[in-house]
Structures are given as structure tokens and as C-alpha cells.
Amino acid sequence: MPQALEGSQAIAQAVALCRPEVVAAYPITPQTHIVENIAKLVADGKLNCEMVSVESEFSAASVVLGAVAAGSRAYTASASQGILLMAEVLYNIAGLRIPAVMTCANRAVAAPLSIWNDQQDSMAVRDAGWIQLYCADNQEAVDTTIQAFRIAERCELPVMVCMDGFTLTHTLEPLEVPSQEQVDGFLPPFSFARTLDPRSPISVGTLVDPNYYSEARHSHHHALLRAQEEIIAAADDWGQLSGRHYGGLLQVDGPEDARLGILTLGSVLGTLADAREEYPEAPAAKLIKLRSFRPFPVEALQQACAGLSDLIVLERALSPGGGGIVGAEVRAALSELPDAPRVHNFAVGLGGRDVPLDIYPRLLAAAQSSGPTRFAIFDAELDRLPEGDR
Amino acid sequence: MTIYTRGGFALPGTSVEFKTGSWRLQRPLHWHRDAPCHTACPAGEDAQAYLARFAEGRLQEAWETIAGANPLPAITGRVCDHPCESGCNRGMYDDPIAIHNVERFLGDMALSEGWAYPVTAPARGAVRVAVVGAGPGGLSAAYHLFRRGYRVTLLDALPEAGGTLRTALPAYRLPRDILEREIERLLAIGITFLPQHMLGRDVSLEELRADHEAVFLAPGRQQSREWSVQGSVPRDLHTGIEVLQDWISMGSVPQVSSAAIVGGGNTAVDLARILRRAGAEAHVITHNALPGPDAQPDDMMAALPREVAQAMEEGVVFHEHRGIRRLILRGEKVVGVEMVRMKKLRRPDGTLDRVGFEGTETVLHVDQVIPAIGQDVAPDGMEGPLGRKPFFETDAWGRVAGHDGIFAGGDARFHSRGTVSGAVGDGRRAAEAIDRLLRGLALPEEGTAEAIAFEKINLHYYEHAPRAREPVLPVEQRTGCQEIERGLNSEQVAAEAARCFSCGTCFACDNCWTLCPDEAVLKTKELASDGSHYVFDYDYCKGCGLCVHECPCGFIAMEDEI
Chain E
1 MPQALEGSQA IAQAVALCRP EVVAAYPITP QTHIVENIAK LVADGKLNCE
51 MVSVESEFSA ASVVLGAVAA GSRAYTASAS QGILLMAEVL YNIAGLRIPA
101 VMTCANRAVA APLSIWNDQQ DSMAVRDAGW IQLYCADNQE AVDTTIQAFR
151 IAERCELPVM VCMDGFTLTH TLEPLEVPSQ EQVDGFLPPF SFARTLDPRS
201 PISVGTLVDP NYYSEARHSH HHALLRAQEE IIAAADDWGQ LSGRHYGGLL
251 QVDGPEDARL GILTLGSVLG TLADAREEYP EAPAAKLIKL RSFRPFPVEA
301 LQQACAGLSD LIVLERALSP GGGGIVGAEV RAALSELPDA PRVHNFAVGL
351 GGRDVPLDIY PRLLAAAQSS GPTRFAIFDA ELDRLPEGDR
Chain G
1 MTIYTRGGFA LPGTSVEFKT GSWRLQRPLH WHRDAPCHTA CPAGEDAQAY
51 LARFAEGRLQ EAWETIAGAN PLPAITGRVC DHPCESGCNR GMYDDPIAIH
101 NVERFLGDMA LSEGWAYPVT APARGAVRVA VVGAGPGGLS AAYHLFRRGY
151 RVTLLDALPE AGGTLRTALP AYRLPRDILE REIERLLAIG ITFLPQHMLG
201 RDVSLEELRA DHEAVFLAPG RQQSREWSVQ GSVPRDLHTG IEVLQDWISM
251 GSVPQVSSAA IVGGGNTAVD LARILRRAGA EAHVITHNAL PGPDAQPDDM
301 MAALPREVAQ AMEEGVVFHE HRGIRRLILR GEKVVGVEMV RMKKLRRPDG
351 TLDRVGFEGT ETVLHVDQVI PAIGQDVAPD GMEGPLGRKP FFETDAWGRV
401 AGHDGIFAGG DARFHSRGTV SGAVGDGRRA AEAIDRLLRG LALPEEGTAE
451 AIAFEKINLH YYEHAPRARE PVLPVEQRTG CQEIERGLNS EQVAAEAARC
501 FSCGTCFACD NCWTLCPDEA VLKTKELASD GSHYVFDYDY CKGCGLCVHE
551 CPCGFIAMED EI
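Listed in order, the protein sequences are those of chains E and G. According to my numbering, the residues represented by the first sequence are 1 to 390, in order. According to my numbering, the residues represented by the second sequence are 1 to 562, in order.
Please keep in mind that the hints were generated in silico from the structure rather than gathered at the bench. Using N, Cα and C, we set each Cβ at its ideal position, and we do this for glycine too. Some hints could be false.
The calculated label-pair distances, taken between Cβ atoms and stated as ranges, are [claimed, not checked]:
id	chain 1	residue 1	chain 2	residue 2	range
1	G	Tyr461	E	Pro361	19 to 29 Å
2	G	Tyr461	E	Pro174	13 to 23 Å
3	G	Lys525	E	Ile202	51 to 61 Å
4	G	Tyr461	E	Ile202	56 to 66 Å
5	G	Leu527	E	Gly205	26 to 36 Å
6	G	Thr2	E	Pro2	31 to 41 Å
7	E	Ala110	G	Glu446	41 to 51 Å
8	G	Asp510	E	Leu357	20 to 30 Å
9	G	Leu527	E	Arg154	25 to 35 Å
Okay, chain G solo, but in the shape it has when bound (with noise of 0.2 Å):
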């Protein structure tokens, strides 16, 4: 039996007499509504239900919850860009929760506690879905289907599963043991797991389609798109992502003293980290903006900033606004370039448009020049779906028009993020999109569901406490693979935790049943639907509003009745 009391600090007597709820004009309701870090998560997932678990000490329920949508937490706790903090109200307030970080210890405790993925195992004789890739998108596609019950076969070119986490992250970025640990341990839960099986080569997406009820393609973007300054190539052109690779799997860096990279994502500031460590000198060239409160936001470098922010650390040097308007070529060897000032100009459509400045050509003595401009799908096997495109043409939910039954996502389709935690996003709403395919339902409305605003938070429940800051590899020490960015331990989570405004979503504070001055608000120890343990009592309340504005985190709002 459901126990209701009634009154935090006065239980009632006679005034339960005199049922002023007929006064009342608008009523309280509780309204949950999605936190910012929710909102901006490209993955899925809702760090205030993590965070407000983790400060309940229920660390197991925490990771569950996040491993319900991204099943990589510990990695993507080191490698995402955390869309999360830059969203999070407390960011207003002092400094964003360390998100990251809770991310992070968690996903490595789920690692050292063997805690099990929240799975049960298909029934025999499941439906089947192929997954192509076995990158972020393709393993995030392959657990999500697996959870929904089908039996999944993951094929990938490669030896091994991992896609750009393995060929494209350097170690001191993602260490080596914990990719293969997270991804190993994924695949153990039941994925059907085929290695070198290369599309178009070892089989044709034909052949999957009538073994397989769907397929998710999430092949990556493996080729380099083609590149030269008017004209001109140096004879010893190697693009930045083979290059990197290279490093990646041989540990072998071209021997130069100096080099330019032209681009401006990530593979262009790794690969100068990278020459860096071997001892060159480098320059990164990029058309865009360095990361920064003034720059705009299409006009800013892909890269993450904390990449950046690292590598000028490590004496990358960046040239932001600039493009090569000439190789400087002796014989057929590179031995520096011209560069322009690029100036950027706004189209009456709002976008913009690039141009070279004139009279702003610098010189730069450079012994190789090293585009990283930008991969394009690799065709091969694909290329129906792909109807000569250089990505895919999807919809939010990897859906590819004409092609029932086919879906694509992360780095592979178009207006991709290009984050691991956008294929790992990806690959869960095409599994949501593939589960109701097959069993003949619709797709849900496309949610515009806003975060709750700053606004809406009541500072004065809440004290100032700083961010804890990750311990970080000091730069002289940067010249191997040893990760750089360090987590923090169980006591500073633990803290970051509790910093959390659990914005939108109520965290039991008692606020409303001790202040309602009528004593209209019962308390149940049993969860109510909405998620509180709060139940207004109409019957009493007559609408004063205070218990809206005395409510920390936004969960009540006021509704007019009439």
C-alpha cells in the first residue's frame, strides 16, 4: 500500500478542514525535461541520470545507463569532444561538470569489474542484420540490434574490429589496452564477428541482403580525396591519414626536418603531434579559424580545440586563414610553399566564401608537404547505395532513400560529425530504425525537445565548487605513445558528481513538501510515474507558486486552469 505523508514539518490537523484548493487559479505540475548535457550528447546519453546515479553510489546502475545508449564509455570518455560540458548550465554558474571524466572512471571500472553489458542473448533463430565496419558507428549498430533481440554479423576489412578508434587515434590519445579491452569485451557478447571480410571483395552487399533482413554500412571514409596546387604534385606525396596510419600501425614517420600540413581536422594535428615527437618541425595550414571565443563557428578548424590547445603546447605551429597558392619546387622536391592570406567573405546566403588576399604571400621552408584535406567513401561493393556520391545520402535515422532495407552512418554518410560519438549516435537510431522496420512500425516524430534553460535553475540551493582538473602529461614528457590526458580518481568523480544541478529532473530535495504553505505536496517512498516522489494534493493547493520557485532544478512548472 502506497503510504502518503502529508507535510514535511507539520503534519496536518484541522486545516485539512478547509479545502483551499478552490482558490486556485493555475496549478503546479511536475514536468521533467531533458538536461542540456542530454540534449547535446550526439550518442544518447543522459549524463544528469548518470551523474545523480553515480552520487547515489549506485556506480554499476550509473555505467548501465550509459552503456544503454554508447556502449564504448570508456572510450569515448577520453576521445569525444564533449559536446555534454560546453551544453551544461553549470557552465553559467562556475565551470561545466567534468562529464568526461565520470564518463571515463566508469567505463573504466566496468572494464576492471567485468560488469556485464545490459544484454540478453537473441532467441535462435532471430532475424538477422549485417552490420558493415566494425568502427564506433558499426559496433555501436551491431550492440543496439543485438539488444533488440537480432542475431548480428559485424564484418570489417581489417584483422581487427575498432575502424578509426584503431587506424586513425593515436595511443596517446586512446590507449592501446583500452580500445582492445572495450571492444573485445563487446564483441564477446554474442556479435558474430568476421574479420578481412571486404565488401565488394569477400562479399557483395547482394549476398548480405538475402542472408540478412537489413544492413547498416558504416564503412568509413578510406579514401583520400585528391589534392595539388595548381596543377603541381610533389613527387613524394603521401596523404596525412596514410601517413598517420602508418605511425599508427609500424611506428614509422617520414624522416624530414620540417613539413606543412595542409587541413585542419584532426588528422592534421595529430600528424604534426606526431612529426613533432620524431623531432621535425610543423606547420599546420588551414583555410579556417583557431578554436576560440572570437572565431565563428563555421569559419572554425574541425579539429577539437584541446587537440589544438595541446599541440601548440608541444610547438605545433598553426597558420590559421591561410591558404598554399604555390609549391616551391626544386626539381621535383618540395622546399617550402607560398602562402596567402585567405579571406573569408560572407555570400548573401550567409555562407561563406574564401578568398586569396593579395599581397599577403609569405614564404615558408618546408621539406615535405602533407595534405590532410579529407577522405571520401571508398566505393567498393557500395556502390548502389552510394549513386556515385562521395558519402552517403541519409536521413536522421541512416535511412538511404530507393534502398529499402539499407542503412548507412557515421564518417561514411553525409553531415557526419565526424566524432566517435556521433557514429556510436548513429549506429543506435539506425538500430532503433531497423528494429521497427522489421516489425512493421512507424518511426517515432523526430523529438525537438528542448533542454531546460539556466533560467530555470535556482542558484541559491546550489554553492560555488570548482572543477576538478585532470592530471596532464607535462610536454617534455610527450614523445611516446603514454596518454596524455590522465582521469581523475574515485574522490574527485565522486565530487563532480555532486555538482550536477540535475537540471530538470527532481532529486528528492524536500523542498516542496517542507515549504507548501498549505501542505498540499505528499511525499511517497514509493517513485511516482514522473519520476519524483511528490504528489500535489489538490484538494489544498491554491496555486501560491512557491513551490515552483523554491524547486532547485526547474522540475515544477505552473499551468493556468483556466
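Same shape as in the complex, but just chain E (with noise of 0.2 Å):
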């Protein structure tokens, strides 16, 4: 039976049926409702869990980087500036290949200082070698956040859920909470390999020279490669037992012969879903879920643009000098294609500015009347800036 819950308060409840030994964590806007919650469920008694209260991002990524390599499964949270202070040691937990889970709720990237939505935080750690997934809503966030330990251990993978700070972590919605016996029932307990035992001494992540390096890197990107299938099947087998599916890396929707595309991650779906409603009268448009952005899912991207003539790509992140940042890579994975789309790459909703409705015409009207733009913020009112800066 749906009950009407923050999206904070559900995740809080998703990871705790994932029966986590370990939570630790520093607040920070807007995570900080997810983490008190789990602290709520510990200090009840209702999560049997070492919840350990650091001092920082840097030790809260550390402590689960320990917890796992000792063979528990461990969680964290973070946002913004929290997921860059912990950047160091995402990079280390990925490249150990330790198993952990964290939610980014994700928000701007000060400066300015930002405490509203937008996914700069994410992008800035995609190199890290975590497996990130984005969730459109907060049913989809639930899910994600169980299927996401199952990914991470079957590929001895970290997994970053990336919600929509406030957009989703602080709306109430009607959610469906899974029963413990679905979740024990597709993530079965953990046990880690390569556990680390005091009988039995080793070291890890030490120095290497450059006769290792190179080939440690390619088998981490290619475990991220290989971790398309289990993200899939994660999905598939979590869709059977819930009836709830949300594509597994990617999801298209709309009518099969639109050559009007919108590609896109996050929350941003659910408002074009419903402007694809408000406005009957615009153009028929394929709307394209990114769910997996690493690994990025070239083939699946390629299918889905298929007949497209023209595809935009609508990112709440830009990396300034360059541009788009899902947009760069969508142009790349496209470029291999015969008759590839035109791509429009636009950034909206940069910290927290509302995307309304309305943007959606304003959108397919932009694709349709000029070429291609290779980057714009798309909301951005430039008469609001000194002439030189416009």
C-alpha cells in the first residue's frame, strides 16, 4: 500500500531493508534528512547498524571505505561541496574496488554558494570510477538505492544513486516501500572476497610503479563496461518482483516515428512528461531517460536516437570552457551513427532555478527554427549581465 513520505525519509527506509552494518556520514544541505533518518531507525532499534558520525566528507567516505574492505556493507550521503571534499577518497573506494553505495543529493557547487538542485556535484566526480545512477523520481530512488547494493557487490563496483536535491529528497509523494522479504529475496547478504582478515595480513592500494598502473585502470574501466549487464539485470529482476521497472540503463518513451528528441537525467523527466501533456500541440518527441551515466551506455544510446533528426540535451551542469558535459559525450557516442541527429545541448535549472512547463515548447521551437547549438544555458537572462559578460 503507497504511504505518503518524504523522499529523504524513503531512502532512509530503502537503505535500512538493505540491512547496512555500517552508515557513516557528515551532514550537509540537502542530505541531511536521509542520514537522520537512518539515524532515527538506528536509535529505535529498528536498524541493527554502527552509525558513525565523523567530522567531515573526507573521514564519512573513509569509514565505509574501511567498513567494506573489512567485509561490511556500508553506506554513505553527500552533496555539493561534501561529495567534493570526499573526492580523494571516491577515487580510492573505486579504484579498490570496494563495494559501497552513497546517495548524492545532488546540488549546486559553490561558488556562488548554492544550496538548491542541480547535478555540478555529481558531473564533477565522474571520473572517479563509481557507477552512477540518476533517478527521475522518488518510487524510482527507492528502487535504484536497493538494486544499487546488488550492482555494487555483484561487480565489486561502487555505486553513486543521484537524487534531485529538495526537488525530490524534500517532496512528499505517495511510494510504494518494499517489504523486507522482496529485499532479502533479491540482495542476498554480503560477503566480500577479499575481506580483510588480521590472520591472514595484506595490502591494498599500495604503490604501484608504472609496469601496473595502466592495466589496473583498463580492467576498471572495463569492469564499469561489464557493469551494463548487471545494471540491466538488476533492473529486470527487480521489475519482476515489484512490477516497477524504470528501463535499465536508459528508457525511451514516446511514439516510435517522432524525430523529435529530448534526452535528459533526473527529475527534469517528470516535468517534461507533464509538459508533454500540458501541450498536446507541440511536436511528437521522443523523451530519453539517462539512467546510467557511468558507465555510459554508448550501444543503447545509439538504438534509442535511431531515426531522430534532431536530439537535445538538456543537463542541470556544464564544465565551463567546455560546455555540456552529457551533451560532449552524446555527440561523441552519435557521431558513430550513419545519419546521426542534430544535437541542441542546453543547461537548465543551475542552482535550483525552476524549470517550468512552458520550457518544453520553448525547447522543440529552439531545436526547430536554427541549427544545431553546441552549448547554451537555455534559462539564462542574459540583459541581466554587464554587456561584456553576455
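Please dock the two separately framed chains into a single complex, following the hints provided.
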């Protein structure tokens, strides 16, 4: 039966259903509610788990690294500056192939300081070697969190579940919280083959000379590419159990023969889906939800975009001096197609700016009226800037 | 013991170790501001407050909230021009709340349920205050003085209380039984009412002053202004107010087939409607403009726009921006008038000046001309405080300069709004001023409370909802005294109360408590002194301002701390 839950509350319950043994975190907006809800479950005796309150995100990630290395299922959550402070440890967790799970409550990165939502934090650590899954709504975030533990543990890779701060974390929605039996049937107890054991000491993550580094990176890269199968399998198996499926790597929605497409990640999907109903007279368009950003699903993307004349890539991040981050990768992937669609790359909703419904017809019009846009911040109001900055 | 709950959907655990309040540059504050319906109400009613109580199902408390300012809601709910609705912020979103219908519903319910006025009887030997004139202003003053613990003597020249409500408001706007019942029970709280007591005839102002510590004068305007066209006056001249009062008290109407009524006030419009009901052609000739979006406020006729619209439906012909240049007489009997277009010119000081526009003369054939150009105060017995003026010069509290202990209000006051709610407000303010005078207290500063602006409302939290429309008597049935506008039913009224934005007043939506990322908003079961259930914990609030933005009704504001 659905319950009305705040996104953060639901994520805390999903994490608890996965029976973590260690949770370490440092509070940061908009992640705080998630960890506080887990702390309450521990305090109420509903979750048997070591809750470690640390003094920084660097330590939170380090505790998780150590806990998993010692054989425990471990979880953390953070956002924005917190993710950046963790960055060194995130690379280590991935390089050591530690199957940890974390939630990124996506938030803008300073300066200027903003507590509101965009995805520049998780995008800033896209190269850390983590799997990154982006959720469009709170139910998907609940289900993806459960899937994340299985994907992580089967692939021996860490998984970052990204959900938009406030838009999802602080919003109440009717949600299905899975039963403990469902989760136990899906996610077996954690058993880590490389568990540290004081009786047979080993050293991990040590200094390697140039003889080994390239091979280590190659195998890490290919482990991530192979993880696509586990991501799909987890989505399918969970779909069978729960009746809810969000696509494995990506999901395409809309008329088969549409020539226009919009690709995006996260909660903007919901806005676009609503807008499509609100503006039935707008030209037909496919909505492509990119669920897995790492690994980047090149083949699935090429299939999804076959037959499109124009593809709008919408993202809540940018690489200053470069342009769109997702847009650049989509362009690279589609360049292998013989009739690649024109790609129009826009950032929207940076620093929590509302993405209104009427952005949908405006985007479609922009895609049809001119040549491809290499990159632009679609909703920036340039007339508010000094002339030289426009 | 007060119990504080921290965090809407996440109780605090480890994060209370980190006092993020030290990062703050600005802090949020609860900031109650008056809703525009409240600041706009001449009677001083806080519609937001009673709509909120209504929405919570506390109907009697809702009525008591009104009765704290206005003892006549069943009457004002019908006859007021409801500036509250013109001010309502919801009007900029879809339609204003039908506040007058809620007021009327509660007023009627108080009558049928017999809810007691929120008053206690004054002590034996309490100070006496006299009120002259039992119209809306005098009734209001008497009631508010009684509430404040004074023994009140209320005088009126007529046999019954009500003043203009009884003598100048047709029953199709204000049914007699409502008028009777509301006034009767108001007087019954313990006001000493002396009917047929005329100042200057039955008692002098000096005698009143001798027995009473203060006197409030609200005699209305009973003396019609003199009227002629270039010195000529028809033989059978009756003024509008005379004709109207004759119809209301005796049901008699001049037997004419057509009439020109001169003037743009409610008397002119009511008179025209009465003549229409008697089968005559009725023309209203006014120097001013008809109400409408294009009319300039200082050029608009004084009658209530609603009444003008209904009169037009009933076939009254309006001639706006017209004056009478000449009476066309056969002997001394009127057979027509020559009208001229009045052009309005703005003087250098911004006021309007009217001049006749040559060459625009037109002739209107009518049997009678009835001037309804207004009345002045009949000076009998009040010559002193009037000082030869046609009305009382007072300050905002009703004080008459140079006459200590004498107050005046209602239509008799210069710059009167000329409305029932305006008179009710005059009575209330004068009662407060009298109370302060007699207790030796200074009057409070004139408030300049600005209503909360529409821009402060976060519209994301309100859904569009149409305003309920009251049933209106079809034009063909408007022949007698049957009330034209009917009330809304209880479901409709409840829906109207639920449409209120609650501008500037917390309605406990929990948004701040739920959304605060630092769980720095604490919730209490008890109501805090600022009228909300929430308290900011500044040890943790880092000043992000999210609560300010997400507060639907503008109750939270940000304040610089450095």
C-alpha cells in the first residue's frame, strides 16, 4: 500500500531494508534528512547498524571504505561541497573496487554558494570510477537504492545513486516501500571475497610502478563497461519482484516515429512528461531518460536515437570552458551513426532555478528553428549581465 | 510543559552536534502582516481571521471575530460595497474571495442560532456616555462603548432605531426582518434606547453633556440641499430622499410616466429603481462617469457599482457626464429638460473642474425632475459643534476640535465615506477615543499598516478555484420588495473560506518545518505569541531563506544580521 513519504525518509527506509552494517555521514543540505532518518531507525532499534558520526565528508567516505574492506555492507550520503571534499576518497574506493553505495542529493557547487539543486556535484566526480545512476522520481530512487547494493556487490564497484536535492529529497509523494522479504529475496547477504582478515594480512592500494598502473586502469574501465549487464539484470529482476521497471541503462518514452527527442537525467524528466500532456499541440517528441551515466551506454543510446533528426540534450551541469558534459558524450556516441541527429545541448535549472512546464515548447521550437546549438544555458537571463559578459 | 518537535520528516540525530547557525548572515523571522481585506475594511473587520476560523469549522468564533469590530454583519454582509473584496490578493490570481457572502452567512447564522454578542454588562454606576442617532454609526458606537464598560444612552428622533438603514435602504437590498432582528438583539444587550428623542427639541446637547461624560453625534444628513436650474424650480418639486423615504415607509410612488433624477449617488439609483418598479421610465443624469475600468476614481458616480449594474438590468437609463442646462416648463410644470455634456478639465492642482460643452445640448422629455444631489446635516440642537458648516469637522477619531467630550461620525462627518461600513468604523474608532479620553490615556499613533503585497504570496501552493456566484433574482421578478441578491449555501461559503490565501498569517502548513534542511524549525502544539506553531532554532539555522521562499502566505521574512 502506498505511503506518503518525504523522499529522504523513503531513501532511509530503503537503505535500512538493505541491512547495512555501517553508515557514516556528515550532514550537508540537502542530504541531512536522509542520514537523520537512518539515525532515527538505528536509535529506535529498527536497524542494527553502526552509525558513525564523523567530522567531515572525507572521514565519512574513509569510514565506508574501511568498513567495506573489512567485510561490512556500508553506506554514506552527501552533496555538493561534501562530494568534493570526499573526492580523493571516492577515487580510492573505486580504484580499490570497494562495493560501497552512496546517495548524492544533487546540489549546486560553490562559488557562488547555493544550497539548491543541480547536478554539478556528481558530474564533478564522474571520472572517479563509480557507477552513477540518476533517478527521475522518489519511487525510482527507492528502488534504485536497493538495486545499487546488488549491482555494487556483484561488480565489486561502488555505486552512486543521484537524486535531485529538494525537488526529490524534500518532496512528499505516495510511495511503495518494498517489504523486507522482497528485498531479502533480491539482495543476498554481503560476502566480500577480499575481506581484510587480521589473521592473513594483506596490503591494498599500495604504490605501483608504471608496470602495473595502465593495466589496473584498463581492468577498472572494463569492469564498468561490463557493469551494464548487471545494471540491466538488477532492473529486470527487481521489476519482476516489484512490478516497477525504470529501464536499465536508459528508457525511451514517446511515439515510435517521432523525429525529435529530448535526452535528460533526473527529475526534469517528470517536468517534461507533464509538459507533453500540457502542450498536446507541440510536435511529437521522444523523451530519453539517461539512467546510467557511468557506465555510459553508447550502444543503447545509439539505438534510442536511431531515426531522430534532432536531439535536445538537457542537463543540469556544465563544464565551464567546455560546454555540456552529457552533451559532449552524447555527441561523441552518436558520431558513429551514419545519420546522426543534430544535437542541441542546453543546461537548465542551475542552482535550483525552476524548470517550468513551458520550457518544453520553447525547447522544441529552439531545436526546430535554427542549426544545432553547441551549448547554451537555456534559461540564463543575459540582459541581467553587464554587456561584456553576455 | 512545551514540547518542541524538531524536523518534519527527519528527527535529529547526529547533526545536532554541528551548530551550523554560526554560518548565518541573515535570519528568518515570523512577520505577521495585515491582509489587504483587513486594511481595506472601513469597519475594521479582519476578514482573513474570520475566514480562517470558518475554514476550521469554528463558526461561532468566526462570527465573534467579526462582532469584535462590527455588530451588524447580517446587514453589512448585504449592503456594504465590500472594499475587502476589491483589495483581496486572490483577485490578482483568479477571483477575490466572496467575503461579503461569508459575512452575511455568519450574520444570519448568529441571528438564527441566537449567538450572544461578546460583551459583559457594565458595572453598576459605570460612567455614562450618550450617543445621538441610532443609525449604523450610532449603533456601532453604542455597542463598542458598552463593550468597553460604559453605560450607554442612545437617542433617535424616529420611533425606531436604524437610521438610514431603515429610511433610505430599500427592502430589496436589505430585507426588513434582517434589519429588525439584528438591531433588536443589539439593543437588547443593555443599551438604553430612547426613541423619539430629538436633539434640540426633547433634550439639549448641554443637558446630555451634564448627565454623560461624553457624547457621540451621528445624526446623519437629514436636510436636502437646495436645488434649482438657473433659479427656476418646478412647482411640484420633491427631493429624492423625500420620495425614497415615502416609498420605504408608506409604499407611495409619484404617479409619473417618466422622470429625470439628478445625481449619481445611491439615493438617485434607488429612486430610479423604485420608479421603474412602478412602471415609469427612469433617467439618471449625473455629472460623473459610470463605474467601470476606464472611469477615473475621482470622476466616478458615488453609487455602488453593483447597484448601478442591477439598475441598468432593470431598465434605468443613465446619462453620464451630463448636466441640466434648462428646465422645459409648461406653466410651472416640467415637460422636459435640456441636457448638456459636461466636460471635465483638470485644474493645475490636479482636481477636476467641469464645464458645459457648447453644442451638445439634447432634450429629454420627462414628467418630473427629482433632485437627489445629497443632504447636509440638519443643525437642530448641534449648532455649537457644527459651527455653521453643513457637516462636522472631525479628526480620524471623531473628535470635534474645540468641543471636549464631543465626538461625531457617520454620514454627518466631513469626508464621510457615506457607507454603512464607514459609519460602523466611525462608531468603533470614536468609542475607542472616548474610552481613552475618559481613562486619561493618549490616543495611539495613526497606524500606517501596509497590507501584504500579492507578490509575497507563493502561488505554487494554491490551486485555481472559481468564486461561488450568489443567485440573483431575475429582472422580470424584481417588482416588489423581494431581496435581489440571495446568499450562498453552507458548502459554497465553506469553499469560499477555503480559497483564502491567509495573506500574512501562518496557517500551520508545516512547509518550513518539513523543508528546513538544517531542521532548525521547531514545532509546538501550543500557539506561540507570534500566532504560529513554529519556532526558529538559531543555533542551527544557517540563513538559507528556503522557509521564506516556501512559506505560501508571506509570513516569514529575512532580516540582515550584520
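> That 19 to 29 Å hint for Tyr461 (chain G) and Pro361 (chain E) (C-beta), does it hold up?
Replying inline: Holds: the Cβ-Cβ distance is about 25 Å, inside 19 to 29 Å.
>> Range first: 31 to 41 Å. Now tell me if the beta carbons of Thr2 (chain G) and Pro2 (chain E) are that far apart.
In response: 35 Å, holds
>> Quick check: does the Cβ-Cβ distance between Ala110 (chain E) and Glu446 (chain G) fall within 41 to 51 Å?
In response: 48 Å, holds
> Do the beta carbons of Asp510 (chain G) and Leu357 (chain E) sit within 20 to 30 Å of each other?
Replying inline: Since Asp510 (chain G) and Leu357 (chain E) have Cβ atoms about 26 Å apart, the given range 20 to 30 Å holds.
> Taking the CB of Tyr461 (chain G) and the CB of Ile202 (chain E), does the distance hold inside 56 to 66 Å?
Replying inline: 58 Å, holds
>> Between the beta carbons of Tyr461 (chain G) and Pro174 (chain E), is the distance compatible with 13 to 23 Å?
In response: 19 Å, holds
> Would you say the C-beta atoms of Lys525 (chain G) and Ile202 (chain E) sit inside 51 to 61 Å of each other?
Replying inline: 58 Å Cβ-Cβ, so the 51 to 61 Å window holds.
>> Please check whether Leu527 (chain G) and Arg154 (chain E) have a Cβ separation lying inside 25 to 35 Å.
In response: 55 Å, violated
> Okay, Leu527 (chain G) versus Gly205 (chain E) on CB: inside 26 to 36 Å?
Replying inline: For Gly205 (chain E) against Leu527 (chain G), whose Cβ atoms are near 58 Å apart, the range 26 to 36 Å is violated.
Violated hints, in rising order: 5 and 9; the structure is consistent with all others.
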